[in-house]
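Visitor: So the chains spell out like this:
2 protein chains.
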Amino acid sequence: MVKFQNPDFDEEFDRIIEEVKTKILPTDEEELKGTEVKQELEKRVKNILKEYPGLKYRFLGSFPRNTWIKGNLEIDLFILFPEETEEDELERIGLEIGRRILDEREERFASHPYVHGKVMGVEVDVVPCYELESAEKIKSAVDRTPFHHDWVKERIKGKEDDVRLLKAFLKASGIYGAEYKVRGFSGYLCELLILYYGSFKNLVKRACRWRRGLVIDVAGEKEYFSDNVEALFVVDPVDSKRNVAANLSIDSMAKFVEKCRDFYLKPDKDFFFKKELEICFNLKEELKRRGTQILAVIFERPNIVEDNLYTQLERAKSKLFEFLKANDFMPLNAGYFVSEDKCVLLFETQMREISRVKKVIGPPFEEWVHVNKFKERKRPYRAFIENGRYYAFDWRKFTTPQQAIKHYIEQSPKSLGKNISQVISSYELLENYDILNLKLPGFEEFLVDFLKLKG
Amino acid sequence: MVKFQNPDFDEEFDRIIEEVKTKILPTDEEELKGTEVKQELEKRVKNILKEYPGLKYRFLGSFPRNTWIKGNLEIDLFILFPEETEEDELERIGLEIGRRILDEREERFASHPYVHGKVMGVEVDVVPCYELESAEKIKSAVDRTPFHHDWVKERIKGKEDDVRLLKAFLKASGIYGAEYKVRGFSGYLCELLILYYGSFKNLVKRACRWRRGLVIDVAGEKEYFSDNVEALFVVDPVDSKRNVAANLSIDSMAKFVEKCRDFYLKPDKDFFFKKELEICFNLKEELKRRGTQILAVIFERPNIVEDNLYTQLERAKSKLFEFLKANDFMPLNAGYFVSEDKCVLLFETQMREISRVKKVIGPPFEEWVHVNKFKERKRPYRAFIENGRYYAFDWRKFTTPQQAIKHYIEQSPKSLGKNISQVISSYELLENYDILNLKLPGFEEFLVDFLKLKG
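Sequences listed follow chains A and B, in order.
Going by the numbering used here, the first sequence opens with residue 2, and the numbers climb by one from there.
Going by the numbering used here, the second sequence opens with residue 2, and the numbers climb by one from there.
Simulated from the structure, these hints should not be mistaken for lab results.
Note that beta-carbon positions come from the ideal geometry of N, C-alpha and C, so glycine has one too.
Do not rely on the hints blindly, as some may be mistaken.
[Said to hold, decoys possible] Which stretches of chain B does chain A cover? Using the computed rule of at least three CB atoms under 8 Å from a CB of chain A, they are:
(1) 10-21
(2) 28-38
(3) 285-292
(4) 366-372
[Claimed, not checked] Chain A side only, calculated, beta carbon under 7 Å to chain B, not exhaustive:
(5) F5
(6) K202
(7) K206
(8) I251
(9) D252
(10) G336
(11) Y337
(12) I355
(13) V361
(14) G363
(15) K398
(16) F399
[Claimed, not checked] Which stretches of chain A does chain B cover? Using the computed rule of at least three CB atoms under 8 Å from a CB of chain B, they are:
(17) 317-325
(18) 445-455
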């Protein structure tokens with residue numbers, strides 16, 4: 002692997018990185034704003050907690066740890082309940098406090114419901130959780146957050162900017178965030194990687210040679226490989242059974258490795274900033290020259306949380322993809338797009354039409370009972386022998402991918418996911434050039450990516 | 002396997018078989034004719050052999066063994082040369098004698114050249130061979146024939162009609178004959194099977210359960226299975242290394258088994274007589290409803306012996322079939338048809354047209370060197386990661402099976418067989434309905450079979 006060495010990397014890295022920092026580090030103004038909001042929140046929460054003896058509050062997350070990137074200031078205020086509190090009590094009081102503290106508020110859901118809102122124009126989450134002795138006894142995932150904070154807080158000091166570089170690098174590649182839509186790197190995972198590798202620069206160099214199955218034991222300061230790990234396993238220092246990278250998909254991992262290699266060989270500040278895709282493609286011409294069939298299934302966006310929606314879309318996508326494959330339409334690609342009120346499942350097949358006749362495999366000639374059954378089945382054509390085995394021609398159910406998709410959606414909507422199945426009955430099926438008339442914001446960019454057009 | 006028992010088989014068999022015999026056993030007239038021709042041949046050959054001291058003659062084959070079926074009288078006269086004769090001497094003199102004995106003669110070729118002709122209207126072969134001590138020392142396959150005759154002649158007595166029933170049964174199914182075109186059962190193989198199983202009736206019952214890999218040791222009176230045998234191995238009683246069924250294809254074996262099962266479950270005299278295929282199909286309508294693409298490659302028939310021609314056609318057929326498959330046209334079927342002066346290779350694909358875009362598989366993301374090579378290849382589309390592996394879209398060379406076939410014939414004619422490659426340059430390619438205008442005698446029947454239409 003001598004081939005991929007860049008002896009000038011360190012030097013080139015240092016040369017560009019200062020300019021990058023000026024663009025991703027929060028301004029003094031932003032920091033000041035954060036401090037002001039924190040003080041205001043503290044005032045409000047102290048006042049309210051007087052009514053709830055036994056409850057405590059803590060500021061957690063990237064703001065108190067100084068690892069947020071410019072323009073992404075968000076403050077997490079955790080309300081800690083004693084261990085013996087009933088769960089519905091915690092939820093009720095947690096929401097109540099949140100509602101009283103925040104302006105422009107809305108309820109959201111992680112492990113518990115919580116309240117998201119704004120204070121003095123800054124985004125704030127008020128999250129209830131249990132105050133526990135050890136992270137191994139947590140009742141839900143948010144209960145771990147205080148332990149994460151305590152583990153990272155002191156250790157990360159002096160490395161905050163490395164975390165910020167990593168976050169910006171990931172954001173630019175579309176793999177920052179552990180939510181299902183992204184299946185990328187969480188903020189906490191970023192911090193642990195910087196702690197383990199010491200710096201962003203070193204992480205880049207090491208990640209060039211990452212392989213699936215890698216296990217990083219941050220607290221134990223060692224790494225090794227395991228066959229039971231699909232992508233990456235980062236052992237949580239506060240709970241050794243937990244994989245901090247559990248939501249990282251193999252493709253997000255691979256994409257990170259790709260970006261690290263490209264950056265290592267040719268360091269450039271562009272790696273930290275999302276490129277605006279300029280659409281200068283004649284998409285109609287492109288669809289014409291591809292000669293494929295493109296099908297879009299469009300339906301109302303169900304009113305459910307994103308993670309749930311994306312899980313169901315992923316499921317629906319693979320179900321229909323496999324059905325197209327099983328019916329010989331040779332699908333090339335499948336994807337989904339979500340707008341404010343619509344969902345689009347998109348499929349591209351290499352076949353626009355296939356013969357009505359197909360070939361069915363039967364048993365070897367020796368198996369008299371099976372041969373008999375096979376020959377007796379009602380078919381428009383006679384069975385025949387080829388290389389000692391019976392075969393027969395028969396008719397296909399579908400000769401176009403449209404027919405297959407329609408059939409599947411109408412016959413097996415349930416298998417497409419609970420909420421999708423409730424809305425998909427009134428779907429619309431667009432084919433080929435007609436999809437270009439779909440005027441949903443962002444859809445064209447999605448299509449350019451879907452078609453793998455060169456930027 | 003209790004399911005397939007016919008306790009009445011013996012009785013039903015006996016009931017129909019007498020009528021079958023009246024139709025397949027030679028008439029007294031035909032036998033008389035044979036005897037007359039034999040006497041005439043004997044007169045002629047004795048006269049000629051006076052000039053060739055040391056040469057002998059023998060009548061071999063189905064006529065002296067009484068195992069020919071009605072209408073198939075053919076007399077084989079072998080000229081036996083001393084072992085020390087030079088091969089070209091044997092050939093020269095053999096042909097000379099044949100020419101002098103026969104009327105309406107033509108030269109043919111088996112292991113040596115020989116002369117085929119007629120005497121008093123009956124077909125006669127005059128075949129030169131060596132007179133040897135043992136069949137294990139033969140110089141060419143025909144030298145074995147006298148040994149076969151000697152082994153069978155006395156043993157087959159009393160079972161001649163069983164051999165005839167078997168031959169008629171095989172002929173009706175199109176699997177009588179060891180030539181490449183048929184790849185079925187030779188006359189000698191029929192005799193050995195009857196000797197081993199004792200009777201045609203018993204052979205039918207036993208063959209219902211034949212399996213590939215069966216070895217029948219006729220002289221050793223035992224059978225067993227071998228993994229090294231593709232279809233059937235019948236040990237030659239005069240040369241234990243030789244498989245008498247060497248030319249029997251697995252499909253002819255399977256077809257025989259199928260016919261035996263059908264006949265066993267429902268004995269009927271129709272099994273002994275070839276059904277005339279009545280074409281009452283609307284072939285144009287059939288092609289339309291299939292929705293397939295049918296392609297016929299037509300070229301001059303090369304002037305070579307049948308076995309050689311059919312071997313090359315088989316080769317050309319599979320080469321083109323595999324090429325269509327490799328290019329994703331999903332071929333259903335392939336075949337060939339030979340008329341007096343034309344050869345037709347026929348292909349049927351499930352795809353009439355495929356997208357220009359295809360998906361190319363690349364390396365797993367870990368393999369940096371390969372990934373780099375893969376990404377650097379010039380393509381109209383960018384590479385992408387799926388399930389931890391690189392892929393890319395690229396353009397196909399062919400979007401129709403016609404293009405693929407043309408390309409292959411024009412670029413790699415040599416691989417289609419020596420003689421075919423010499424004539425195929427001036428080929429004609431017909432597609433779909435146009436093949437129905439091919440007015441070659443027998444082609445329509447071939448097509449009905451090719452399409453697996455129900456009779």
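Visitor: Now look at each hint and say whether the structure bears it out.
Guide: Going through the hints against the structure:
With 0 residues having a beta carbon nearer than 8 Å to a beta carbon of chain A, the segment 10-21 of chain B misses the requirement of three or more and the stated coverage is violated. With 0 residues carrying a beta carbon less than 8 Å from a beta carbon of chain A, the segment 28-38 of chain B misses the three-residue requirement, and the given coverage is violated. Taking a C-beta to C-beta cut-off of 8 Å, the segment 285-292 of chain B contributes 3 residues in contact with chain A, enough for the three needed, and the coverage statement holds. Taking a C-beta to C-beta cut-off of 8 Å, the segment 366-372 of chain B contributes 5 residues in contact with chain A, enough for the three needed, and the coverage statement holds.
Hint status for F5 (chain A): holds, given a least beta-carbon distance of 6 Å to chain B, under 7 Å. Given hint, K202 (chain A) at the interface with chain B, is violated; its Cβ is 19 Å from that chain's nearest Cβ, farther than 7 Å. Annotation: interface hint on K206 (chain A) violated; nearest CB of chain B at approximately 13 Å, more than 7 Å. Checking I251 (chain A) against chain B by beta carbon gives a least distance of about 4 Å; that is within 7 Å, so the hint holds.
Nearest Cβ of chain B to the Cβ of D252 (chain A): about 5 Å, under the 7 Å cut. The hint holds. For G336 (chain A), the interface hint is violated, the least distance from its beta-carbon to any beta-carbon of chain B being 11 Å, above 7 Å. Look at Y337 (chain A): its Cβ only gets to about 15 Å from chain B, farther than 7 Å, so that hint breaks. A least Cβ separation of about 6 Å between I355 (chain A) and chain B falls short of the 7 Å threshold, and the interface hint therefore holds.
The interface hint given for V361 (chain A) is violated, since its Cβ lies 11 Å from the closest Cβ of chain B, which is over the 7 Å cut-off. Interface restraint check: G363 (chain A) against chain B, minimum CB-CB distance 11 Å, threshold 7 Å, status violated. Interface hint at K398 (chain A): violated, since its Cβ lies 13 Å from the closest Cβ of chain B, which is beyond the 7 Å cut-off. Restraint check, F399 (chain A) versus chain B: the minimum CB separation of about 12 Å is more than 7 Å; hint violated.
Counting residues of the segment 317-325 of chain A whose C-beta lies closer than 8 Å to any C-beta of chain B gives 0; at least three are required, and the coverage claim is violated. Only residues whose beta carbon comes within less than 8 Å of a beta carbon in chain B count, and the segment 445-455 of chain A has 4; three or more means the coverage holds.
The structure shown violates the earlier hints numbered 1, 2, 6, 7, 10, 11, 13, 14, 15, 16, 17.
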